[in-house]
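Protein chains: 2
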Amino acid sequence: MAIITRQQDPQLQPQPSLLPFKYSHRVLLKTLLDRQDGGRAFAGQRVVVGGWVKTSKEVQKPLPPPAPAASVPHEERFIDREKKGDKDISCVEMLQSRIPLIRSIWEVFGGGGYGRSHAPSRKRIESAPPKPATPPPPQLSTAYLLITDGSCVASLQVVVESSVAQPSNLLPTGTCILVEGQIERPAKEGKHVIELKADKVLHIGTVDVDKYPLSKKRVPLEMLRDFPQFRPRTTTVATVMRIRNALSFATHSFFNGQGFLDVQIPIITTTDCEGFGKLFQVTGLEQKADKQKLSTIHETDGVSLDIVKAAAKEKSNIVETLKRTESNREALAAAVQDLRKTNELVSQLEAIEKKNLKSLSSKDEAVDASRDLFLTVSGRLHLESYACALGNVYSFGPRFQADKTDSAKHASEMWMVEVEMAFSQLRDAMNCASDYFNHLIMYVLETCHEDMKFIAKRIDNACFTRLQQTASGFPEMLSYNEVIDILRKVEDKKFETNFKSGVALTAEHLSYLVDTIYKKPVMIYDYPKEAKPFYCRLNDNGRTVAAFDLVVPKVGTIISGSQNEERINIIHSRINELVLPREKYEWYLDLHRNGTAKNSGFTLRFDLMVLFITGLTNVRDVIPFPRSYGKANN
Amino acid sequence: MAIITRQQDPQLQPQPSLLPFKYSHRVLLKTLLDRQDGGRAFAGQRVVVGGWVKTSKEVQKPLPPPAPAASVPHEERFIDREKKGDKDISCVEMLQSRIPLIRSIWEVFGGGGYGRSHAPSRKRIESAPPKPATPPPPQLSTAYLLITDGSCVASLQVVVESSVAQPSNLLPTGTCILVEGQIERPAKEGKHVIELKADKVLHIGTVDVDKYPLSKKRVPLEMLRDFPQFRPRTTTVATVMRIRNALSFATHSFFNGQGFLDVQIPIITTTDCEGFGKLFQVTGLEQKADKQKLSTIHETDGVSLDIVKAAAKEKSNIVETLKRTESNREALAAAVQDLRKTNELVSQLEAIEKKNLKSLSSKDEAVDASRDLFLTVSGRLHLESYACALGNVYSFGPRFQADKTDSAKHASEMWMVEVEMAFSQLRDAMNCASDYFNHLIMYVLETCHEDMKFIAKRIDNACFTRLQQTASGFPEMLSYNEVIDILRKVEDKKFETNFKSGVALTAEHLSYLVDTIYKKPVMIYDYPKEAKPFYCRLNDNGRTVAAFDLVVPKVGTIISGSQNEERINIIHSRINELVLPREKYEWYLDLHRNGTAKNSGFTLRFDLMVLFITGLTNVRDVIPFPRSYGKANN
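Residue numbers (numbering that gives the first Met the number 0), protein chains in the order written: chain L, 0 to 633; chain P, 0 to 633.
Hint data in this document are derived by calculation from the structure and do not stem from the laboratory. Keep in mind it's a predicted model, so treat the numbers as computed, not measured. There may be inaccurate statements among the hints.
One copy or any two copies: either way a pair holds, since identical chains are not told apart in the list.
[Stated by the list, open to error] Below, computed lysine to any residue pairings styled on SDA-like, alpha-carbon distance capped at 20 Å:
no., residue 1, residue 2
1, K583, N632
2, K277, F373
3, K630, Q280
4, K210, L588
5, K199, F253
Bound-form chain L, shown alone (with noise of 0.2 Å):
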């Protein structure tokens, strides 16, 4: 930084001009604050600015010399009054100035000492005994509060007499203020360059001190999850969520600058993209009033098609189950068959059902419609659709899994990147995946100085060689089937999980290959068929399917990707293989009845890219409102 000499009096020379933002009249400190100077350039200008208490300590007035003569050392934080003149000193303080005794006495009775830090201040202001005879001269003091406005990572001290504004009112963690005043150069520069002498304040938040989370300094952050409400207003959180917002731009700038369409996927959805987790389901009054239709019908019928559903859901895990363990190929193929039979009952069923509810109800569609909708898992089969029109499409948005678990990377509700490309292939997919991350990487090294040297000093402190080197070079490349090779030479490791072929590989696996071995990203392509969803192109060896993981350091699976089954045999025997329910794939089918074309796509986790990028760990600190199992409370 760039030190300004005190010759270098900037009432000489042009001042910078300092526009408050448009919409509040207020100015915002990353304005004030984040420029080479701290802001010095500014002194003498006058500004309003907002935001909340982060520190803050009350200082007493001090006695000002009695004489000129300067013997009485001045405290740290001192204000030389005189520069300003003593017009705004009042008699009260004018005569506690003059008089040591009645100074003697206040200290006495508990309305002394400096340097206090914030909150027991106004206690102690509340417990002095009144004193009926003589009216007690006021408590005059002065404030100094840290205040940030969540514009950068950079604070400013706001200074403010007593004979402003209460500083009880102001000192507490998480205070709101709004306050005008002039902004000067501090008598002494020690951590702040510039601060701002407050003369009006024009709001005031309060803080209900014992209930307020943050009341406490350095709160953790899992402590923090439980008020996300608040938790921005911690440097942490806030950063990481300027932090946040630069890869989401940083996303749009990407893909609009290559051509890409912005298209937006629905999240009500009947499909199943994956097939592997388990869903959301999503019901509005109307589709519950149907429900009762539907037993009501089933009663009359005398099949209970629930409980033949449950049956072939049961069927279902089982058949999970043998090809987990592998351990028995013909009890595998009788399930299946087993399975098959139940889930054609199933349709035959439905099919009774719907032609029953057709008579009850002048709305089929509505009754349609009222089962089994979900919340999506993937938009990559519906921007498929778009791709095969369009060209190349993405989107940006949230997606759902109902899994019930406390990884630190999983959360119920997660955005995610997905793009998809017409006319391209695993390779071209490789490449844009591997493009669009390094961009975003450069992206926030670019425009994110201060903040990421935060992250440095506080999360990861190789944070900057680190994504230095990632985005500059180029991820390992290996089959699924070297990875293999790879892991199954390790000798100084014991994994949990023995290898199978066409087996996905685990976190432990991932973390050994990344962490240990390569220390870098590592792009894995060709992956058994069982591993990957139908939609993966088959490759000439009906074994393994184009599609590719890129796998990064501490985070793993941070981008999936594949090119897309275009033949329509084969997406029709994958489904069946998979025994998927082929009728909700109809509109799928369709697109690749008609003008099929080689696509491929990939789906970027944006929230471990923000983990990738910051060095934490925990999705949840991540994400502004984190919704996981049994954790949804606002």
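Assemble the complex: chain L is given as a structure, and chain P must be docked to it using the hints.
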């Protein structure tokens, strides 16, 4: 458009670079066609292009002139083969061109005819009778395909000889092709100034002509709604989606430029921000299990919470009806009193139930969260808590209303831009909303010129004037009371709804105001408190709140905003007045108990903005996958 004369031979001038799209090696049609010269400068270059057939025709090979004398007139679409030399003309073609007799025989058997449109040709080829004795010469023809790839309005003519690919596979509308070839200037410059002479077909995605919904020409928009996966292949929907994309990017660039932070607001919530509409309920699988437990408890308790809740709901409806009719103030007061009692009973029962559940379940929070989770209606309260820390924030995401309606302006899932600014007041929000609204219009006019030309041609021929006038002017500013006075004086129109103070204006009133009286956007402010949500700031008169709406011609209310109530006691009393479940707003009340500020903000209904720009009338035509009551089939 500047016309380049023949003298300006593009071959002699330095050719502009023709970069393929980075991630698919094909050249986007936008790169090729979206230029002043329509792509003439690229003549002679080899490219790969991909797209979908919009229209096509097959032209049978005509006889070239028997002698060099140009006495035989060329058919309009005839390509002068002589220029390319005869090397790619097959022996059969040679034969055909020399012997008129053979040609006549073909024509008799259905092989002839120029300029027919697509599709039927296939059947005719199939019905050509086999000639086993002398094998029939293949039907030589040229396919002219007009293809579009979604990157721009313009389409490219691709010329494919039957010797390169079977025309029957290429001709149907919707067919996907990826072809390589040379850009040429057509012999006669008609509608197209360049065309692609394809000599390699790299991919064909055929179409099931009988089932493909876009086979017919000009399918109406209503019909297209049933095929959201295909409709962006129509020029209208593609154009709308490109404009929608521009509006999305303009949103991010506006707020980013002003220093706002993008904050992602949760979809799953317990908070009903508006309190007016119906909500979608969300359940995960665990949550269902909890509900079963719940009902068990009800029965053993001997008091059914569900029944009491139903009663509360019914009473709430009565209150609403009484409020609307305003017929009997005493009856309303009594009903409100009654409702409060019922709500108290609900609270008591819920407390009992919660206690019981605690003993049943070890995971208390899970149970808490399992009840009353909804899809968010508005993120403004959540956003305000971030504004109360970061200053100026915005959010762009989907919002939900489960109301059963066929309104052309409503869908269950609509995207909203929400904005919240700390330390700002009603006028600030109105100014910001107005600037943002104008920015959106100007951005589209500046960046989507070709798209808007198409809109002017097909949908709204006054769109340019309309949008330019809107963006360069200011909205009419009227208080709610002024609007009522103006509408009361209207004599030439009888409104269905009468005016009563305290009642929201209906679509009919608003339409008359902006479409008939002012013919431009109107900003209405200071609404009666009954017409707005609880968080709008009460004005000093105690009757109106600091809320506003921006109402635009044809579309209606496109932006709603307010200054938010910062005084905790007034928020309390507003929540009581509206009989809202206070425990759900505790987190929001906490926000204003601790460091409250004067905040203001607004919501832009993004989908309605696309309607306003394009002149379309139904939101279902501008939302990629619209969801409404009974409509969600993918």
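Review point. For K199 vs F253, is the C-alpha pair at or below 20 Å within one copy, between two copies, both, or neither?
Key: Neither. Shortest intra-copy (45 Å) and inter-copy (33 Å) distances fail the 20 Å Cα cut-off.
Check your understanding: Which holds for K210 with L588 at a C-alpha limit of 20 Å: within a copy, between copies, both or neither?
Key -> This pair counts as between: shortest inter-copy Cα distance 13 Å, intra-copy 57 Å.
Exercise for review: Check K277 against F373 for me: Cα-Cα at most 20 Å, and say if that holds within a copy, between copies, both or neither.
Suggested key: This pair counts as both: shortest intra-copy Cα distance 10 Å, inter-copy 18 Å.
Practice item. At 20 Å max between alpha carbons, let me know whether K630 reaches Q280 within a copy, between copies, both or neither. Key: So K630 and Q280 pass the 20 Å test inside a copy (17 Å) and across (16 Å) alike.
Check your understanding: Is it within, between, both, or neither for K583 and N632, if the alpha carbons may be no more than 20 Å apart?
Key -> Between copies only: 8 Å across chains, 33 Å inside a chain, cut-off 20 Å.
Comparing the model with each numbered hint stated earlier shows that hint 5 is the single one that does not hold.
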